[in-house]
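Protein chains: 2
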Amino acid sequence: MKRTAFFISDGTGLTSEALGHSLLAQFDSIEFEQITLPYIDTLEKAHQAVAQINRMQERDQERPLIFDTIVNEEIRAIIAESNAFKIDVFSSFLKPLESELCAHSNYSVGKSHGIVERNRYKDRIDSVNFAIDNDDGARTRQYKKADIILVGVSRCGKTPTCLYMAMQFGIRAANYPLTEEDMEFNKLPVVLEEHKHKLYGLTIDPFQLSAIRNERRPNSRYASLDQCDFEVREVEKLLKKLSIPSINTTNFSIEEISTRIMAHAGLDRRMN
Amino acid sequence: MKRTAFFISDGTGLTSEALGHSLLAQFDSIEFEQITLPYIDTLEKAHQAVAQINRMQERDQERPLIFDTIVNEEIRAIIAESNAFKIDVFSSFLKPLESELCAHSNYSVGKSHGIVERNRYKDRIDSVNFAIDNDDGARTRQYKKADIILVGVSRCGKTPTCLYMAMQFGIRAANYPLTEEDMEFNKLPVVLEEHKHKLYGLTIDPFQLSAIRNERRPNSRYASLDQCDFEVREVEKLLKKLSIPSINTTNFSIEEISTRIMAHAGLDRRMN
Chain S
-6 MKRTAFFISD GTGLTSEALG HSLLAQFDSI EFEQITLPYI DTLEKAHQAV
44 AQINRMQERD QERPLIFDTI VNEEIRAIIA ESNAFKIDVF SSFLKPLESE
94 LCAHSNYSVG KSHGIVERNR YKDRIDSVNF AIDNDDGART RQYKKADIIL
144 VGVSRCGKTP TCLYMAMQFG IRAANYPLTE EDMEFNKLPV VLEEHKHKLY
194 GLTIDPFQLS AIRNERRPNS RYASLDQCDF EVREVEKLLK KLSIPSINTT
244 NFSIEEISTR IMAHAGLDRR MN
Chain B
-6 MKRTAFFISD GTGLTSEALG HSLLAQFDSI EFEQITLPYI DTLEKAHQAV
44 AQINRMQERD QERPLIFDTI VNEEIRAIIA ESNAFKIDVF SSFLKPLESE
94 LCAHSNYSVG KSHGIVERNR YKDRIDSVNF AIDNDDGART RQYKKADIIL
144 VGVSRCGKTP TCLYMAMQFG IRAANYPLTE EDMEFNKLPV VLEEHKHKLY
194 GLTIDPFQLS AIRNERRPNS RYASLDQCDF EVREVEKLLK KLSIPSINTT
244 NFSIEEISTR IMAHAGLDRR MN
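Chains as they are written, first to last, in the working numbering: chain S, -6 to 265; chain B, -6 to 265.
A hint or two may mislead.
Pairs involving identical chains hold if they fit within one copy or between any two copies, as the list cannot separate such chains.
[Unchecked claim] With a straight-line cut-off of 30 Å between C-alpha atoms, the simulated DSBU-like cross-links for lysine-lysine are:
hint, residue 1, residue 2
1, 138, 79
2, 38, 180
3, 230, -5
4, -5, 115
5, 138, 88
6, 233, 88
7, 189, -5
8, 115, 191
Calculated from the structure, these hints are not laboratory results.
The structure presented is a predicted model; accordingly, all values stated were derived computationally and were not measured.
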């Protein structure tokens, strides 16, 4: 069976997507066509959205689902007229919150991702720049400023993880690739020694590593299962010997790897 | 007045953070201390969470708020015993969804960010790698594969925007810095000409640009207001002449810049 789901917002749509996505993920048996309508911030756009929703209702012969984080009352009222089943986040939760907090909410459009968060914004840009500048061992003299330094073999997921931590949480994350030379000497590169307390290891299943490397350099020694197996084993040995905490990335998404590392390393989620 | 808010999840906590954050943003008059408790996936961790919540209740002499996306019934029941005001996403919305969809939800822990999304995960890693490989005009021979190519002056926000689109939506985004030379000739660099339909311009307020550049290279010509003003003006002229769409990034967050560009350029949000 197939149903259509709309994520509708007068802002970026990210919150309604996140919420809708995790609710729909609880229904394995149903296939959902997922459509995001962001920036529905005028009455005209609201009417266009309703027309689109109703077209889907006719096509599917089932009413679409709507996950709605629109704050503006007028726009919400228009969307409510569509032939859809509506999960309305603000009307469900704002009233109870108002009475709990003994305060009125400011029904200001797009507030949650707005300019008010200027400091957070700047933090994150700085952190993204930090991650790029300190990617792949390119530079090591800023390691004093790092919140965390990821180490592991080439292509085990260090770069995306650093960027995600920077973008989502404003964490200053560097990463350093462990090479065959480091493994040979069975010790840390000198530049890492004084930052040992900030190190966090990433490991990975050798089969998956080999598959990933084969996409970059097909049929190379670098991508061979033998080589991947050797590198992973040596790095795991080194991490264990030095009591550096680590996570196996094989079965996790970037979000999971990042948030698990942060929880384990005690890094603050700078959400506000 | 100050209140404590907990975002609690048996997974990453990202959904409850996003939801809680946008709801709390509607209450300007109240200061919130925000604490995320991710991976609360055992009864023991649930009891520890309750103890932490109750300590905050004693400290604040007000009950904390909880935004909860825990799926497991047993764990939820324990959290419910704490002295807190609870916004419970799944119990509020899963039951109505079940009856609308005539289906049972699979109360599987952490499903929403799990390994089931392997394809999405790979897409995103590939896109992040694409953004890094094609950052700052470093390489141009992959532009055929790009979904979008951002152009603008140095430090106007191209790199973080490309990375965000890649990370969040799996978009292949390249970026190319327009230099004084391009401005002088008042035309596009040759490598961009055949990809004109993929170009999207970023502009920025010259004062803000100067502030950003001054952090990188204090008191340089590069960072001077005169120079920033000149570059921004020339690039805006060029974009207008060539009818390349553009967005002024000055007052927007990375999320807003990215989602606005995607909506305007008709790029698909690959959420599933």
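Do the hints match the structure? See the list:
{"no.": "1", "hint": "138 to 79", "in the structure": "neither (47 Å within a copy, 38 Å between copies)"}
{"no.": "2", "hint": "38 to 180", "in the structure": "neither (61 Å within a copy, 36 Å between copies)"}
{"no.": "3", "hint": "230 to -5", "in the structure": "neither (49 Å within a copy, 48 Å between copies)"}
{"no.": "4", "hint": "-5 to 115", "in the structure": "between (42 Å within a copy, 25 Å between copies)"}
{"no.": "5", "hint": "138 to 88", "in the structure": "neither (43 Å within a copy, 48 Å between copies)"}
{"no.": "6", "hint": "233 to 88", "in the structure": "neither (52 Å within a copy, 46 Å between copies)"}
{"no.": "7", "hint": "189 to -5", "in the structure": "neither (52 Å within a copy, 38 Å between copies)"}
{"no.": "8", "hint": "115 to 191", "in the structure": "both (24 Å within a copy, 28 Å between copies)"}
Taken one by one, the earlier hints fail for this structure at numbers 1, 2, 3, 5, 6 and 7, listed in ascending order.
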